[in-house]
Amino acid sequence: MADRLEFRSKLGSIQELAAGQGNRLTVEEIEKFFEEDGLSREQTELVCDYLLSQKVSVTGYKRQPGKIIEAEEEPADLDSEEQDYLAEYMQDIESMKGGTIEEARMAYYLPLVADTALQMHQKEVFIGDTIQEGNISLVTALSRCEAGTDDEDTVMEEVRAGIRAFIESQTETKRQDKKMVNQVAELDETIRHMSEDMGRKVSVDEVAQQLGTTEEQIEAILKLAGEEAREDK
Numbered sequence: 069m070a071d072r073l074e075f076r077s078k079l080g081s082i083q084e085l086a087a088g089q090g091n092r093l094t095v096e097e098i099e100k101f102f103e104e105d106g107l108s109r110e111q112t113e114l115v116c117d118y119l120l121s122q123k124v125s126v127t128g129y130k131r132q133p134g135k136i137i138e139a140e141e142e143p144a145d146l147d148s149e150e151q152d153y154l155a156e157y158m159q160d161i162e163s164m165k166g167g168t169i170e171e172a173r174m175a176y177y178l179p180l181v182a183d184t185a186l187q188m189h190q191k192e193v194f195i196g197d198t199i200q201e202g203n204i205s206l207v208t209a210l211s212r213c214e215a216g217t218d219d220e221d222t223v224m225e226e227v228r229a230g231i232r233a234f235i236e237s238q239t240e241t242k243r244q245d246k247k248m249v250n251q252v253a254e255l256d257e258t259i260r261h262m263s264e265d266m267g268r269k270v271s272v273d274e275v276a277q278q279l280g281t282t283e284e285q286i287e288a289i290l291k292l293a294g295e296e297a298r299e300d301k
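Per this note's numbering, the sequence shown starts with residue 69, numbered consecutively.
In case anyone wonders, no lab produced these hints; they're calculated from the structure.
Among these hints, one or two may not hold up.
Claimed, not checked - Only pairs whose alpha carbons sit at most 25 Å apart, straight line, appear in this in silico DSS-like list of lysine-lysine: (1) Lys291 to Lys269; (2) Lys130 to Lys291; (3) Lys123 to Lys78; (4) Lys78 to Lys291; (5) Lys78 to Lys100; (6) Lys100 to Lys130; (7) Lys291 to Lys100; (8) Lys123 to Lys100; (9) Lys191 to Lys269; (10) Lys123 to Lys191; (11) Lys123 to Lys269; (12) Lys291 to Lys191.
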């Protein structure tokens with residue numbers, strides 16, 4: 069129990085760290101923060117996904133297929149309202165060209181943000197909201213460097229991280245059973261019911277079969293819950 073409470077306390081602490089940085093973290097910062105815990109890659113991915121669900125953008129993180137956390141879906145098509153919005157928005161961007169140096173700088177990046185939003189678009193989220201969230205991340209990224217000194221790859225990676233966190237927060241209800249906290253709760257309940265039914269401790273492979281997942285994934289969740297893998301000898 070103490071280990072579990074300690075880990076949950078660290079989750080709260082890293083959220084405080086993120087809040088002090090505009091709700092933004094990098095994968096490297098997360099790995100360093102949990103360095104003493106010796107998290108595996110799979111466990112680190114669970115932490116990253118949890119932070120995304122808490123509206124924290126994680127630069128350098130992308131969900132991997134074949135995990136408990138589902139892979140990012142293919143971009144959805146725009147509906148008629150979104151198509152009209154995008155056409156008007158692109159016209160507005162075009163009108164910015166020929167202004168000040170700062171406007172020209174923004175005019176260069178804004179179409180890239182819109183294109184990134186299209187590539188990551190999900191039907192549950194209005195494209196205009198996704199673009200605006202990307203623009204917020206763009207302004208934040210550009211504010212860190214003087215005009216002409218910004219690195220496009222770095223700027224756009226931060227834009228993608230911001231959009232990814234926004235989409236995650238907007239679709240949280242749909243995928244909430246795949247979130248780390250709910251995975252732990254589901255696993256605890258499954259183990260308890262199986263142990264009561266069988267009248268003994270259950271093994272990791274039995275639980276994995278019951279939940280339709282792998283032993284490695286079960287062990288990863290158990291460690292995040294502050295528990296040791298339970299084996300029936």
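Right, here's what the structure says about each hint:
no.: 1; hint: Lys291 to Lys269; result: holds, 17 Å
no.: 2; hint: Lys130 to Lys291; result: holds, 22 Å
no.: 3; hint: Lys123 to Lys78; result: holds, 17 Å
no.: 4; hint: Lys78 to Lys291; result: holds, 14 Å
no.: 5; hint: Lys78 to Lys100; result: holds, 12 Å
no.: 6; hint: Lys100 to Lys130; result: holds, 18 Å
no.: 7; hint: Lys291 to Lys100; result: holds, 18 Å
no.: 8; hint: Lys123 to Lys100; result: holds, 20 Å
no.: 9; hint: Lys191 to Lys269; result: violated, 44 Å
no.: 10; hint: Lys123 to Lys191; result: holds, 19 Å
no.: 11; hint: Lys123 to Lys269; result: violated, 38 Å
no.: 12; hint: Lys291 to Lys191; result: violated, 35 Å
This entry does not satisfy hints 9, 11, 12, going by the numbered hints stated previously.
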